[in-house]
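Visitor: Take a look at the letters that make up each chain.
2 protein chains.
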Amino acid sequence: MSPVGLHRVLEPAGVLPQGAWRLDASPAVAPNEVRIRVERLNLDAASFRQLWEKHGGDGARIRAEVLEIIAARGKMQNPVTGSGGMLIGTVEEAGRRSPLGLRVGDRVATLVSLTLTPLAVADGLARWDGRSAQVPCDGHAILFARSIAAVLPGDLHPELSLAALDVCGAPALTARVVERYVAGREGAAGQVSVAVIGGAGKSGSLSLAAARRAGAARTVGVVPVAGERDALAAAGLADAVVLADARDPVALSTAVTSALGVPADVTVVCVDAPGCEHGAVLATADGGTVVFFSMATSFAAAALGAEGLAADVTMLVGNGYAPGHAEFALDLVRGEPGVRRLFEARLAAD
Amino acid sequence: MSPVGLHRVLEPAGVLPQGAWRLDASPAVAPNEVRIRVERLNLDAASFRQLWEKHGGDGARIRAEVLEIIAARGKMQNPVTGSGGMLIGTVEEAGRRSPLGLRVGDRVATLVSLTLTPLAVADGLARWDGRSAQVPCDGHAILFARSIAAVLPGDLHPELSLAALDVCGAPALTARVVERYVAGREGAAGQVSVAVIGGAGKSGSLSLAAARRAGAARTVGVVPVAGERDALAAAGLADAVVLADARDPVALSTAVTSALGVPADVTVVCVDAPGCEHGAVLATADGGTVVFFSMATSFAAAALGAEGLAADVTMLVGNGYAPGHAEFALDLVRGEPGVRRLFEARLAAD
Chain A
1 MSPVGLHRVL EPAGVLPQGA WRLDASPAVA PNEVRIRVER LNLDAASFRQ LWEKHGGDGA
61 RIRAEVLEII AARGKMQNPV TGSGGMLIGT VEEAGRRSPL GLRVGDRVAT LVSLTLTPLA
121 VADGLARWDG RSAQVPCDGH AILFARSIAA VLPGDLHPEL SLAALDVCGA PALTARVVER
181 YVAGREGAAG QVSVAVIGGA GKSGSLSLAA ARRAGAARTV GVVPVAGERD ALAAAGLADA
241 VVLADARDPV ALSTAVTSAL GVPADVTVVC VDAPGCEHGA VLATADGGTV VFFSMATSFA
301 AAALGAEGLA ADVTMLVGNG YAPGHAEFAL DLVRGEPGVR RLFEARLAAD
Chain B
1 MSPVGLHRVL EPAGVLPQGA WRLDASPAVA PNEVRIRVER LNLDAASFRQ LWEKHGGDGA
61 RIRAEVLEII AARGKMQNPV TGSGGMLIGT VEEAGRRSPL GLRVGDRVAT LVSLTLTPLA
121 VADGLARWDG RSAQVPCDGH AILFARSIAA VLPGDLHPEL SLAALDVCGA PALTARVVER
181 YVAGREGAAG QVSVAVIGGA GKSGSLSLAA ARRAGAARTV GVVPVAGERD ALAAAGLADA
241 VVLADARDPV ALSTAVTSAL GVPADVTVVC VDAPGCEHGA VLATADGGTV VFFSMATSFA
301 AAALGAEGLA ADVTMLVGNG YAPGHAEFAL DLVRGEPGVR RLFEARLAAD
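Quick note, the sequences are listed as chains A and B, same order.
First residue of the first sequence? That's 1 in our numbering, and the numbers climb one at a time after it.
First residue of the second sequence? That's 1 in our numbering, and the numbers climb one at a time after it.
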């Protein structure tokens, strides 16, 4: 059985589950699969917005279309936006060769997209009014050997865990990159400096905490408005907090360089706005690394920007997966009061 | 004086030269600048195509618009496509603090885009018929401290040098990444394997040669058609050459893994087609690196694809600049007969 679920693809043949039109969502699990009893779907924001607008906010029609999609495709992938979401549920059966380490009864959140997760609904989504992206649901879903699911910890509120798990790739990769710089230096030259653009957000605050744990000597969080500046400063997650428009390369690089005293060894971009590439490159020291986590990043702008600035920087596409990423993010929420306060304030405001 | 040329930006104030509407192209050089006597402009293909289509192939009108753009903007940046090109010329004056190492009389090609290069035309482009992207031109251009220009070597045909310089970032970064893997291993585990997708093209063939020089134990070049397979096999640059559609993730990863015996430690994507991200990720071993050089790369497809496959791979945005990149590429063209044959065949076909 394919670890990436090729055996579940019905049409077109030979593509990956994410690219497939239709998956086989039958409940019997292969030896390397896991079946989840689904308790809630969290629809991707873009997907729910499209459905909402198409149906003018008519919950019954939105529900009917979601049911239709899942029945037709064997997964919840909005055919217009292409996006999915994630789900919460309980492990119902784990194949004996599943490498995921899950046990029957574990309450889990999937960290791979619904766009590639076989799914069947059993209750007609009867408990959902169709007017929220949070969908109470009885049904089942299948995880492959290379799927990812995180056990929801008993000591954290599920909403808090989910908020952290949603962005858990960012702190994991930030820590890995910063550790490499710290390991590569000695003595005074070992002072590794890190800038996080969008430092007050979910991925940003976790990345700041991760950078410090990884041994960064000096960190700066860049934020766009005074309210975020005050919140991040109060959280105590960065050595400096500065205001700058990340889309203005000169302003951004000046702000970072002034706050750190030098350009950053590692710059982490967590701002979901287009046009931050050149500023991030310019804020980074020669030999440094820029990690792009924003989905608004333009590949061409990053590549051509660095070339145009003759900047010898390594630029990473932020991978949402790294081994241990879920546990690391949850541990930061547990152990860093500043991170927790920012997350709780954000959840309260939602 | 700003090393990235901020002092040459006339409007809007405060942006980088690439983002500016208008630059100051006056000929007097600052201590860290260099003035080039221009001999030819190579317009970017997308820019020339737009001009050609707009004016229905009328050379006189195309020439008039290029003159207008340069006069209005102080640089040759097509306002519709946003793209520029590069130029060839001779160093006329080098400021005493220029770090570029150029001497008066050096014949150079600029490796930074015309979109950020101050430029003035002196001859009204009188020798250009407006019907080719190669523009004979008398005029001057300014290089900043962080611009890049390569001295054209006397022992290679200028067209051959230009073709190599155009993609010289790819072999430099490939070598750097492969060297890191080679250095990090020992003994039998030290067998580093490299896949180059689009291995018969300019950047692909240079990357294959670079990977081998950097110590790769086994390399595979993936190509889309039989003609390229035969040409690349004859060039002897890869241990294996295989046919596969890089947009088909399963086909691509199967082809690479079969040819190498294992997934690649380093996968280099040089195919200018959209949709190659998932296949490249799937073809790469856990702990491996994918280097994306194709401008058709989708940032989101790469990021979400790796996450959806739970692939612990490092993904790099191919930076067109690295120290020594021009010399390294020219040296590969000189020293690797297979690279040279592929380049010469390509130039002959153009």
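Hint data in this document are derived by calculation from the structure and do not stem from the laboratory.
It cannot be assumed that every hint is accurate.
Said to hold, decoys possible - Covered stretches of chain B (chain A as the covering partner; in silico rule of three or more C-beta atoms under 8 Å from a C-beta of chain A):
id, stretch
1, 141–154
2, 299–309
3, 328–342
Glycine residues also receive a C-beta, built at the ideal position from the N, C-alpha and C atoms.
Visitor: Taking the hints in turn, state whether each one holds.
Guide: Structure-based check of each hint:
no. : hint    : result
1   : 141–154 : holds (count 3)
2   : 299–309 : holds (count 10)
3   : 328–342 : violated (count 0)
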